[in-house]
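Let's have the full structure, built from the sequences with the hints guiding it.
For the record, the sequence lines run as chains A and B. Following the numbering used here, the residues of the first sequence are numbered contiguously, the last one being 401. Following the numbering used here, the residues of the second sequence are numbered contiguously, the last one being 72.
Any given hint could be a false lead.
Stated by the list, open to error - In silico lysine to aspartate or glutamate, DMTMM-like type, Cα no more than 25 Å apart, as pairs:
#1 A/Lys356 <-> B/Glu4
#2 A/Lys357 <-> B/Asp15
#3 B/Lys2 <-> B/Asp31
#4 A/Lys357 <-> B/Glu26
Claimed, not checked - One side of the interface only, derived from the structure: several residues of chain A facing chain B at Cβ under 7 Å:
#5 Thr172
#6 Pro232
#7 Gln324
#8 Cys325
#9 Pro327
#10 Phe330
#11 Ala367
The hints are simulated quantities; they were obtained by calculation from the structure and are not laboratory data. Every residue gets a Cβ at the ideal spot worked out from N, C-alpha and C, and that includes glycine.
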Amino acid sequence: MSRLRLLAGPDLGSGPEGFADHTRRLGAPAVSGRALIESLVRSGLTGRGGASFPVGQKWRAVAASKGSRVVVANGAEGEPQSHKDRLLMATRPHLVLDGAFAAARTLRASQVVVYVGEEHGTAWNAMAQALAERPEAERRIGRMTGAPHRYVAGESSAAVHLIDAGVATPTTTPPHPRERGIAGAPTLVQNVETLANIALIARYGDEWFRSAGRRGGVGTVLITLAGAVKHPGVLEVEAGTTIEEVVTIAGGISEAASAVLLGGYFGSWVPAAQAWELPLDGPTLRSNGLNLGCGVIGVLPASRCGVCDTSRIMRYLAEESSAQCGPCFFGLRALSDACSRIAERGTNRDDIARLKKWSVEVPGRGACKHPDGAVMFLRSALSTFADQFASHPAHWRQQPA
Amino acid sequence: MKTELHMTIDRIKCDGHGLCAELLPEMIRLDDWGYPIIAPGPVPGRLASHAQRAVAACPTLALALRRTAPSK
Numbered sequence: 001m002s003r004l005r006l007l008a009g010p011d012l013g014s015g016p017e018g019f020a021d022h023t024r025r026l027g028a029p030a031v032s033g034r035a036l037i038e039s040l041v042r043s044g045l046t047g048r049g050g051a052s053f054p055v056g057q058k059w060r061a062v063a064a065s066k067g068s069r070v071v072v073a074n075g076a077e078g079e080p081q082s083h084k085d086r087l088l089m090a091t092r093p094h095l096v097l098d099g100a101f102a103a104a105r106t107l108r109a110s111q112v113v114v115y116v117g118e119e120h121g122t123a124w125n126a127m128a129q130a131l132a133e134r135p136e137a138e139r140r141i142g143r144m145t146g147a148p149h150r151y152v153a154g155e156s157s158a159a160v161h162l163i164d165a166g167v168a169t170p171t172t173t174p175p176h177p178r179e180r181g182i183a184g185a186p187t188l189v190q191n192v193e194t195l196a197n198i199a200l201i202a203r204y205g206d207e208w209f210r211s212a213g214r215r216g217g218v219g220t221v222l223i224t225l226a227g228a229v230k231h232p233g234v235l236e237v238e239a240g241t242t243i244e245e246v247v248t249i250a251g252g253i254s255e256a257a258s259a260v261l262l263g264g265y266f267g268s269w270v271p272a273a274q275a276w277e278l279p280l281d282g283p284t285l286r287s288n289g290l291n292l293g294c295g296v297i298g299v300l301p302a303s304r305c306g307v308c309d310t311s312r313i314m315r316y317l318a319e320e321s322s323a324q325c326g327p328c329f330f331g332l333r334a335l336s337d338a339c340s341r342i343a344e345r346g347t348n349r350d351d352i353a354r355l356k357k358w359s360v361e362v363p364g365r366g367a368c369k370h371p372d373g374a375v376m377f378l379r380s381a382l383s384t385f386a387d388q389f390a391s392h393p394a395h396w397r398q399q400p401a
Numbered sequence: 001m002k003t004e005l006h007m008t009i010d011r012i013k014c015d016g017h018g019l020c021a022e023l024l025p026e027m028i029r030l031d032d033w034g035y036p037i038i039a040p041g042p043v044p045g046r047l048a049s050h051a052q053r054a055v056a057a058c059p060t061l062a063l064a065l066r067r068t069a070p071s072k
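Quick look at the structure:
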């Protein structure tokens with residue numbers, strides 16, 4: 001259920017917590033180095049940026065590499081409906097920086113890059129101000145870099161590419177940034193919510209971290225609730241809390257729901273009846289073929305058409321292809337066009353057949369996971385809205401001008 | 001130890017010229033936009049020389065062959 005750890009402390013409406021208040025409230029992180037890495041491994045903390053990758057494992061990989069290292073605090077938050085990273089940065093910037101500098105001390109990094117979405121003005125200002133308040137030894141290695149307002153800008157190789165060369169497009173992996181990132185140095189790219197959790201584990205330990213969580217989940221997660229709920233916004237809940245419980249905390253649904261989009265645009269549509277019981281925990285959802293992503297939950301009201309919403313989101317994802325790999329650029333565009341034709345002109349057998357064929361052929365054929373995420377989203381729509389896709393009327397006259 | 005030959009492709013380099021599918025149709029076909037779809041699994045020994053020819057013909061050097069330990 002609701003449990004405040006990252007968002008505990010002064011009222012969120014009062015803006016960023018300053019360094020003095022932050023240090024008075026929480027003290028300094030106690031643990032770093034090898035002990036912190038082992039504590040992170042035991043904690044079971046997974047990345048909060050979308051991939052739910054085990055954090056301890058990532059740190060071990062960077063620690064095992066040679067040469068100078070770089071830490072990137074990833075606050076790009078390109079997911080259109082997600083607000084949790086910018087809320088965290090705008091209110092608890094020092095928790096994020098504690099995590100980033102604990103990583104720098106542990107991994108002996110020569111640089112800490114705070115990578116914040118250019119459109120997130122409040123969060124940017126809070127992070128820049130917080131960085132200026134840090135001790136001199138930290139300020140010397142820390143700097144701010146803006147993430148362009150693109151969906152792929154937060155992908156870790158795209159973040160490294162931008163910081164290195166000013167181009168926020170993904171690069172071919174391997175090598176992964178943790179092997180060879182900024183200026184060729186092994187680079188730890190970690191989401192800001194993940195770093196804030198690390199800041200607390202460095203103070204209170206892994207057992208404390210695991211003391212929150214339900215149904216097998218550990219710790220807390222930040223969730224952005226959107227759509228047909230009474231009080232949309234960001235919530236912090238124990239990992240493993242169900243969607244129904246989170247919606248209840250947000251005042252319940254505002255009208256009857258037909259489906260839930262779990263995990264944002266790289267996530268999956270789930271029929272409402274099956275969605276309520278799902279536990280919000282990255283590893284648990286993953287074992288069910290679902291994805292917590294960056295923690296966005298969109299509740300689709302029964303009055304909205306799932307086919308039309310899917311078509312709109314597919315158009316967005318097609319336009320957000322970074323136009324580097326043919327199967328992604330042309331494939332997503334073709335899939336989006338087929339969806340639009342079904343939405344606007346009505347169901348036709350040819351387009352249904354094309355969607356089925358291309359959604360098998362396109363995934364796995366890009367340098368990054370953009371085509372895979374978009375197609376996973378589309379396939380969930382084809383199964384959740386199977387009846388609507390099979391008999392969709394022409395909706396073109398109902399499109400907003 | 002016996003090793004396996006795998007085809008890999010750099011998707012950013014690939015421009016969809018399609019020569020690979022001409023030279024190695026047993027393993028490579030083109031999608032509706034002219035980009036290669038490579039059959040999963042290792043390159044069979046009898047196709048190794050054809051695969052090498054396809055790699056050599058790739059105008060953007062996107063196609064490569066990698067020798068690895070067999071996957072279980």
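Task: Hint numbers contradicted by this structure - done: 1, 3 and 6
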